[in-house]
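*Asks:* Residues per chain, in single letters:
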Amino acid sequence: MPLRGIRTSTAARNGAGAFILQCKRLDFHYCNWAGSSKGMVAFLEKTLPTFARENPQIEIRVSPRPQKHPLIKGLYINGREKPVCVRNMEPHEILKKANLLKEASGEKLKRVKKPITSLNESVRGIWSPYHGDLRGV
Amino acid sequence: MFSRSALRSLASELRWTAPSTISSAAPLQQRACLHQSASLMNAQQPQSQSTSSHPESPLSATPRAQDTQPENVKASTFDENTMTPQTRAHVPIAKQPVAPTFTSPLKVTKSVMSQLPHLVGQKPHYVVAQLHARPYLLTEGDHIRLPFLMPKVKAGDILRFNRASALGSRDFTMKGSPTIDERIYECRVRVTGVDSEPLRIKEKTKRRQRHVKQAKSKHRYTLMRVMDVRVKTPDELLAEGAVVVEDSADSSVIEPRS
Chain A
1 MPLRGIRTST
11 AARNGAGAFI
21 LQCKRLDFHY
31 CNWAGSSKGM
41 VAFLEKTLPT
51 FARENPQIEI
61 RVSPRPQKHP
71 LIKGLYINGR
81 EKPVCVRNME
91 PHEILKKANL
101 LKEASGEKLK
111 RVKKPITSLN
121 ESVRGIWSPY
131 HGDLRGV
Chain B
1 MFSRSALRSL
11 ASELRWTAPS
21 TISSAAPLQQ
31 RACLHQSASL
41 MNAQQPQSQS
51 TSSHPESPLS
61 ATPRAQDTQP
71 ENVKASTFDE
81 NTMTPQTRAH
91 VPIAKQPVAP
101 TFTSPLKVTK
111 SVMSQLPHLV
121 GQKPHYVVAQ
131 LHARPYLLTE
141 GDHIRLPFLM
151 PKVKAGDILR
161 FNRASALGSR
171 DFTMKGSPTI
181 DERIYECRVR
191 VTGVDSEPLR
201 IKEKTKRRQR
211 HVKQAKSKHR
221 YTLMRVMDVR
231 VKTPDELLAE
241 GAVVVEDSAD
251 SSVIEPRS
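As given, the protein sequences belong to chains A and B, one line each in that order.
Each residue of the first sequence is one higher than the last, beginning at 1 in UniProt numbering.
Each residue of the second sequence is one higher than the last, beginning at 1 in UniProt numbering.
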């Protein structure tokens, strides 16, 4: 008997019914000594508590990374991750980057030309020359 | 000057008398339930009890709120200054989305009224929604990546597209002139996030110059998902106060497929 793959019964359409934010974790890395982490340390002390409270669905981890530039890393439901270096940035700039990672879909960046992607079949069906009336030109 | 509790009770009564209330059995404490007024009433109850001496009076117009559980600890301990709103109950009344107000009742022509059951009964439906004068042909569950970044929206927000030039099923199409009245259909869209394109580098050169300038661009786009595309039945329209009028030249028409 040939091996059969498992058929998917439904297609994932996040947001059509329930909505789940794609970002599941944000890692904040900083260095206590380096000057490029100055803004990051201020951000961690002042802004991060409110940011974490506003987004209870995102797990937030803070860990030191000595002798390196500060970094925010976003982890997504699709398994991908997105790191953003935030060296020499002010706290409000870092908040912007954190919001960017929060709202991102986690997909690889692609150039898309068509605005709509649909899994549904065409509503009006495919045109056939053998059906329907003849129409005057 | 009114007190806050008086204003709030007034607004809640207005909200309950509005025809477009969407009821649900289990209010979730998420942004997803922006349209659920039941959670609003839950959260208002402890607040109004603490501020007004007669707690029963503002709730008299809302019998359904008393059926659900009256205690809602999370919403009552909500501080406006430090937290962002999670449900509509957390948003101040002044900042809540305003339901559209119409000066005249919906006018439906006789021909549309007679053809509408055919259109409603034949699923699925599509809608050609106009956004910044561009058409988007949408069906339920479609993924949209707008060619621009929509301002002032967050992931999880629900929008309602109310400019449609056409609305149809397999065999019937309703054409607007130029748009269909938004009270005939419902097209809700959920904002799912913001996407970005890969960095584009364009090399700019000038004649007889060795220098090459690199112009960089990296645009951001809003992602959306169509939640539903629904056409209302004639009974629903009449229940909402639609008026049947005679046909005229500049009214929407439903055309069968030829």
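Treat the hints as calculated values from the structure; they're not laboratory data.
Wrong hints could be hidden among the right ones.
Said to hold, decoys possible - Result set (DSSO-like, lysine-lysine): computed pairs, CA atoms no more than 30 Å apart in a straight line:
no.	chain 1	residue 1	chain 2	residue 2
1	B	Lys218	A	Lys96
2	A	Lys24	B	Lys218
3	A	Lys114	B	Lys107
4	A	Lys110	B	Lys123
5	B	Lys107	A	Lys113
6	B	Lys110	A	Lys96
7	B	Lys216	A	Lys108
As the list claims (entries may be wrong) - Counterexamples of contact, computed for chain B against chain A with all Cβ distances above 10 Å:
no.	residue
8	Leu106
9	Pro124
10	Leu138
11	Pro147
12	Gly168
13	Ser169
14	Thr192
15	Arg225
16	Glu236
17	Asp250
As the list claims (entries may be wrong) - Chain B is faced by these chain A residues, among others (derived, beta-carbon under 8 Å):
no.	residue
18	Asn78
19	Gly79
20	Leu109
21	Asn120
22	Leu134
Glycine included, C-beta positions come from ideal geometry on N, C-alpha and C.
*Asks:* With reference to the structure, classify each hint as holding or not holding.
*Replies:* Going down the list of hints, with the structure as the test:
1. B:Lys218 - A:Lys96: holds (16 Å)
2. A:Lys24 - B:Lys218: holds (24 Å)
3. A:Lys114 - B:Lys107: Violated, at roughly 36 Å.
4. A:Lys110 - B:Lys123: Violated, because 33 Å separates the two Cα atoms, which is more than 30 Å.
5. B:Lys107 - A:Lys113: At roughly 39 Å apart (the allowed maximum being 30 Å), lysine 113 of chain A and lysine 107 of chain B break the hint.
6. B:Lys110 - A:Lys96: Given pair lysine 110 of chain B, lysine 96 of chain A is violated - Cα atoms ~54 Å apart, limit 30 Å.
7. B:Lys216 - A:Lys108: With a Cα-Cα distance of about 19 Å, the restraint between lysine 216 of chain B and lysine 108 of chain A holds, given a limit of 30 Å.
8. Leu106: Holds: least Cβ distance 25 Å, greater than 10 Å.
9. Pro124: violated (6 Å)
10. Leu138: violated (7 Å)
11. Pro147: violated (6 Å)
12. Gly168: violated (7 Å)
13. Ser169: The assertion about serine 169 of chain B is violated, with a minimum of 7 Å to chain A.
14. Thr192: Non-interface label on threonine 192 of chain B violated, nearest chain A Cβ at 4 Å vs cutoff 10 Å.
15. Arg225: For arginine 225 of chain B, whose nearest Cβ neighbour in chain A is about 3 Å away, the distance does not exceed 10 Å, so it is violated.
16. Glu236: holds (22 Å)
17. Asp250: Per Cβ check, aspartate 250 of chain B is outside 10 Å of chain A; nearest 25 Å; holds.
18. Asn78: violated (12 Å)
19. Gly79: Constraint on glycine 79 of chain A not satisfied, violated at 17 Å.
20. Leu109: Because about 4 Å separates leucine 109 of chain A from the closest Cβ in chain B, which is inside the 8 Å limit, the hint holds.
21. Asn120: holds (5 Å)
22. Leu134: violated (10 Å)
In terms of the numbered hints stated before, the structure departs from hints 3, 4, 5, 6, 9, 10, 11, 12, 13, 14, 15, 18, 19, 22, listed from lowest to highest.
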